[in-house]
Amino acid sequence: MLTEGLVVVHECLGAADQRLRRLVLKGPIAKTAKAGQFVAVLVQDSSIPSYDPLLRRPISLAEISPDRDEITLLYRIQGRGTEILARARCGEQLSLMGPLGQGFSLPEVGELWLVAGGIGVFPLYALAQSALDQGLNVRLFWGGENQSFLISAGLPAWQALEIPLNLSTLDGTLGERGLVTEQLQGRLSELFGHTKQENTSSPQIRVATCGPKKMMQAVTELCVNYAVPVQVSLEERMGCAVGACLGCVCTLIDKAGTLSHKKVCQDGPVFRGEEVVWDGLC
Amino acid sequence: MLTEGLVVVHECLGAADQRLRRLVLKGPIAKTAKAGQFVAVLVQDSSIPSYDPLLRRPISLAEISPDRDEITLLYRIQGRGTEILARARCGEQLSLMGPLGQGFSLPEVGELWLVAGGIGVFPLYALAQSALDQGLNVRLFWGGENQSFLISAGLPAWQALEIPLNLSTLDGTLGERGLVTEQLQGRLSELFGHTKQENTSSPQIRVATCGPKKMMQAVTELCVNYAVPVQVSLEERMGCAVGACLGCVCTLIDKAGTLSHKKVCQDGPVFRGEEVVWDGLC
Amino acid sequence: MDCVDLTTVLAGITLRNPVVTCSGTYGFGEEYADYCPLEALGGITLKGITPLPRLGNSVPRLAETPAGLLNSVGLENPGLEDFLVSYLPKVRKMPTAVIANISGFSLEDYVQMARALQVDSGLAALEVNISCPNVKHGGMHFGTDPHSAEEVIAAVKAVTNLPTIAKLSPNVTDIVEMARAAQRGGADALSLINTLLGMRIDIEQQRPLLANTFGGLSGPAIRPVAVRMVWQVAEAVDLPIIGMGGITTWQDAVEFLLAGATAISIGTGNFVNPQAPLEIIQGIKGYCEKHGLTSVRNLVGLAHKG
Amino acid sequence: MDCVDLTTVLAGITLRNPVVTCSGTYGFGEEYADYCPLEALGGITLKGITPLPRLGNSVPRLAETPAGLLNSVGLENPGLEDFLVSYLPKVRKMPTAVIANISGFSLEDYVQMARALQVDSGLAALEVNISCPNVKHGGMHFGTDPHSAEEVIAAVKAVTNLPTIAKLSPNVTDIVEMARAAQRGGADALSLINTLLGMRIDIEQQRPLLANTFGGLSGPAIRPVAVRMVWQVAEAVDLPIIGMGGITTWQDAVEFLLAGATAISIGTGNFVNPQAPLEIIQGIKGYCEKHGLTSVRNLVGLAHKG
Ligand SMILES: Cc1cc2nc3c(=O)[nH]c(=O)nc-3n(C[C@H](O)[C@H](O)[C@H](O)COP(=O)(O)OP(=O)(O)OC[C@H]3O[C@@H](n4cnc5c(N)ncnc54)[C@H](O)[C@@H]3O)c2cc1C
Ligand SMILES: Cc1cc2nc3c(=O)[nH]c(=O)nc-3n(C[C@H](O)[C@H](O)[C@H](O)COP(=O)(O)OP(=O)(O)OC[C@H]3O[C@@H](n4cnc5c(N)ncnc54)[C@H](O)[C@@H]3O)c2cc1C
Ligand SMILES: Cc1cc2nc3c(=O)[nH]c(=O)nc-3n(C[C@H](O)[C@H](O)[C@H](O)COP(=O)(O)O)c2cc1C
Ligand SMILES: Cc1cc2nc3c(=O)[nH]c(=O)nc-3n(C[C@H](O)[C@H](O)[C@H](O)COP(=O)(O)O)c2cc1C
Ligand code: FES
Ligand code: FES
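Chains as they are written, first to last, in the working numbering: chain A, 1 to 282; chain B, 283 to 564; chain C, 565 to 870; chain D, 871 to 1176.
Everything labelled a hint here was simulated from the structure, so no lab data went into it.
Remember, it's a predicted structure, so these values are computed and weren't measured experimentally.
A few of these clues could be false.
[Said to hold, decoys possible] Computed list of lysine-lysine pairs in DSS-like fashion (alpha-carbon distance at most 25 Å, straight line):
{"hint": "1", "chain 1": "A", "residue 1": "Lys-262", "chain 2": "C", "residue 2": "Lys-654"}
{"hint": "2", "chain 1": "A", "residue 1": "Lys-262", "chain 2": "A", "residue 2": "Lys-213"}
{"hint": "3", "chain 1": "D", "residue 1": "Lys-960", "chain 2": "B", "residue 2": "Lys-544"}
[Stated by the list, open to error] Every beta carbon over 12 Å from chain C, so not counted as near; a handful from chain D, in silico:
{"hint": "4", "residue": "Pro-923"}
{"hint": "5", "residue": "Pro-936"}
{"hint": "6", "residue": "Gly-949"}
{"hint": "7", "residue": "Tyr-957"}
{"hint": "8", "residue": "Asp-990"}
{"hint": "9", "residue": "Ala-1025"}
{"hint": "10", "residue": "Val-1124"}
Heads up, the beta-carbon is just placed ideally off N, CA and C, and yes, glycines get one too.
Produce the entire structure from the sequences given, and follow the hints as far as they go.
Next up, the structure:
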């Protein structure tokens, strides 16, 4: 769907030096969207069309409020596209394509562990909300640079969900010092012991992860070891965002060992972790 | 000189549908500039550099206030460049090159007739001010589409100068119906009779003109007929605006009949009308 | 009467209007269905296919450049067989003219595909891509050597009854020579232009940004080159042209028509605005009305007459 | 120690830094003096000259395109004789390396100019423009045919003791072949690239926007093509390269150095920001510091090694 989103909130998220922004858009997308999907935003300086940047920017849905017809996008200013996006003012309309992609699938019952690296936490918030609505137990593992980052990037909102949080920072200023995967590993081995197993009698756990590729790969390896199903949300540079240009492929491998390409925009961005070929070359 | 101009006034000039703007910039240019010179303005949406449009826009100085360090630019929104320029807000800095070009030369004594077509009147205002400061008699011939245009494009400011005005409009809604050249012709023949002459005893009149090419050509032909010196302010698409790219040439012919190219940006934009080859091909 | 006839005729096919979409940017015709109804379009061109399936190049495959896009998809496609089985049946039902695009690494490749694609397949025409710059061997050769170009077009013509469109590469010294070669080979029309070969370097990583080093440059940046090539070929060769390269607005489209294109095609522009084709059709219509033209066909090549 | 050696050596000339300005965009060296002190620059390249004076093409000569500029100046210049009398004496006093740029319509044209321009003229080098696309006869021929290119470079080399730089046109099928031809002719260095041939049509007037119909496309739009050509030539030919085409920021400049250019040249970028050369020199220095490089020469071609 090509639609306009009215900017109702556009504000700094947390400390200014984190360059994070919260953008709330009013429009029809909220009615049909689900967690893990994204929109392709035209980043342009107002009404005068420009080719600079040329392409739309994919941004995940961090919150979906069908009742208020609002979606929330959280993003970091990292380049030209987001820098221009950051200038949109309240009352302006942004051109959006979406909701795009397939999103996460929720288990019927059991526990959902979210594993986030850095701003990979953003799409997991919408997922946490749906999971809680559905009565699932949710736990967040989240690693970031330092305390300032975690607080800026939405920790208070996560705390408000009243779910267990396992936080790590690289410098130890909040939570444990180290990587989020270490906490995940700790928790997994607490539950399942130190060896690989297919113990179906232990709690029904599913993992959903988003963050740097290397981190998601490590998360997937851990999960595979413990036979825990894992969904990963991939990122790739996009052209069309609807599956038409083949710009955004990732490589999957099936049980028979056959490699295939899938489109992150249309078949993803969420995939089963076990199927992803992480080094990407084929 | 490459310098910044602080936007101190940026407002609609006259009726909105005329798409005219008045832009006052504070900066060092006012100290050295003279009437007929111009600046090359970088038209960009604020701080994020863009290549769209790529080139600066030449805009004439419509008012020069060295005491307040201010220059005034008047322009019509006609394309992408001016549309983007129109978005500059008070308090922003615009990148300017200038003052550029040679400007008008003022006679020591006598009468200066300004002949303007449409928004060609803009640079003539600064010229009128200098001429009046110098004690010259100034008269304006100005033709435009209709009353609304003339009033929007600065008629009140001209009236405030308390100089004789000969106005024409195409539809007769203000001044005489017809072309500005008809009024000029009328006035010239009143003074000098209907024949060509080199009557040096009649009042010392000089003409300066700016407007559409065809109009300036007609003005020049009239002036040549009556042996009245005429300065014309040419326009041409510019690349560098400093004489380095040869993008903006015009063709001149000297008394011996030799054709040469001059750069509108560096040698002009003001030239002696008699020397201009109007059809431009050589 | 301000009613404008938008239909146009190209290589014997009548198009509802002169607005087509480019190969490789419009998938197999279904991906943009939510954004732009197929029945509104003059036609669509399918993703390029090859005899065997191809996984294409590694990612990153895309990089933005000033007013442009580099891509190095590398002709990823399901291959001829799967195309015939899984895609062609849908093509028959599409409410617009569908052009297949074929790429190959040898004369035999092209012949094999052309033989399998005939009028009864439901296709409107065959676009022979002799210009894809992403494939290390093959593609470039046909696209830059006039003799090979002629040969491959002639071979295709010999085995298919579909109208044949030769899609030319801009990465040549003399586009007119290539167009003439395609004409000698029997091409019914020409598509101009494919992408310009370009690259970007990631200055932090100190290596090429695209996994494949080089990519094809498309988008508004290349429009002046595309318009020039359409103009040159229109002056020299008597074949209808589908003009493409950087079209995002109706003004761009009109520029190509005035330069001598009979139809125009939108590629990268779809990514920016998935409704660009619709807006462009409306814009062309409005332009014709404003200029008192009763048929869009009257626009074609008009700027040459001035 | 964070001191970076910016000097670079090109065709036997030592440049203060690798930042030069492009022929045709920097006049005869004085026009930008108020904006950019010559002594800060690695060098400047003068407007192209021909044996006889030329008035060039009619106006309009310039047209903007997305992230690009079309020009059809058509080699307007005062001619060799006036150049020697009126301009060369000033060149001697310029506090930077000055490169003359020569264009011709026959072998003899080039030879005549090369003969008149020797080391004792105060010039640092001679850039042989075999690529200007604006001249209806001559220019393109030398620039697109390897044999002629070799011949003209050899003829120039035979009569001048100045280092000779061959400036190549991008409007060719195979830039490497042209570079090799220039090398065989004895070129000491290569300038890459000149403008891409393009055009625009004024859709209201329904005629080409430039009086000359075609023009040369420069500016950021062509940068991906320029970087690609520098990369390809750097891989294949062992001559220093002056890289140019769309450089407006230091990041762009670094991209060319990493691709294999020994120096870079700024053309259209000066029009946007007349202090671009200064900012680019600073930016390159900062980049070297950040990456722990003691000499800018260490940057050259670095992206090939990855
Ligand atoms: C499915 C998906 C969801 C995303 N969700 C978010 C989000 O919720 N919040 C957020 O801050 N960012 C998100 N991103 C990344 C976001 O699209 C890029 O961060 C954004 O494009 C930043 O680049 P820029 O435009 O500022 O930089 P530029 O330098 O202007 O970007 C240059 C090019 O690189 C591409 N690019 C840059 N970074 C990335 C990246 N990480 N992934 C894919 N393409 C990239 C851009 O799209 C553009 O084409 C998401 C990306 C994808 C694919
Ligand atoms: C010496 C000089 C003084 C000028 N003074 C004024 C002034 O005081 N007020 C004013 O409104 N305009 C003035 N102009 C014209 C002004 O530069 C253009 O009107 C302006 O560029 C409008 O185009 P745009 O950028 O909105 O249109 P675009 O469509 O963005 O312009 C496209 C290109 O055409 C060029 N261009 C368009 N119109 C003209 C023109 N008439 N002359 C030269 N180049 C043009 C632009 O510079 C640009 O390169 C002056 C031009 C020159 C050469
Ligand atoms: C992502 C992408 C994939 C492409 N794939 C093909 C292809 O398979 N076959 C082909 O002939 N052209 C292909 N092209 C070229 C386009 O069809 C078109 O010729 C070119 O992009 C210029 O048009 P544009 O500037 O409107 O995109 C591709 C272009 C892009 C951007
Ligand atoms: C207005 C203009 C005039 C030019 N004249 C010449 C010339 O006389 N000789 C020449 O070799 N190149 C000439 N060029 C080409 C430039 O030197 C340069 O190769 C090209 O513009 C690419 O660099 P850029 O994108 O930085 O401008 C000219 C370019 C422009 C824009
Ligand atoms: S972005 Fe085009 S297929 Fe995914
Ligand atoms: S604009 Fe460059 S010489 Fe006048």
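These are the hints, each one checked on the structure:
1. A:Lys-262 / C:Lys-654: The hint holds at about 21 Å.
2. A:Lys-262 / A:Lys-213: 16 Å, holds
3. D:Lys-960 / B:Lys-544: Given pair Lys-960 (chain D), Lys-544 (chain B) holds - Cα atoms ~21 Å apart, limit 25 Å.
4. Pro-923: About 29 Å separates Pro-923 (chain D) from the closest Cβ of chain C, which puts it past 12 Å; holds.
5. Pro-936: Contrary to the label, Pro-936 (chain D) does not stay out of reach of chain C, its closest Cβ about 4 Å off (not over 12 Å).
6. Gly-949: 29 Å, holds
7. Tyr-957: Tyr-957 (chain D) clear of chain C: closest Cβ-Cβ about 32 Å, beyond 12 Å.
8. Asp-990: 38 Å, holds
9. Ala-1025: 22 Å, holds
10. Val-1124: Incorrect as stated: the minimum Cβ-Cβ distance to chain C is 5 Å, not above 12 Å.
Hint compliance for this structure: hints 5 and 10 are broken, all remaining hints hold.
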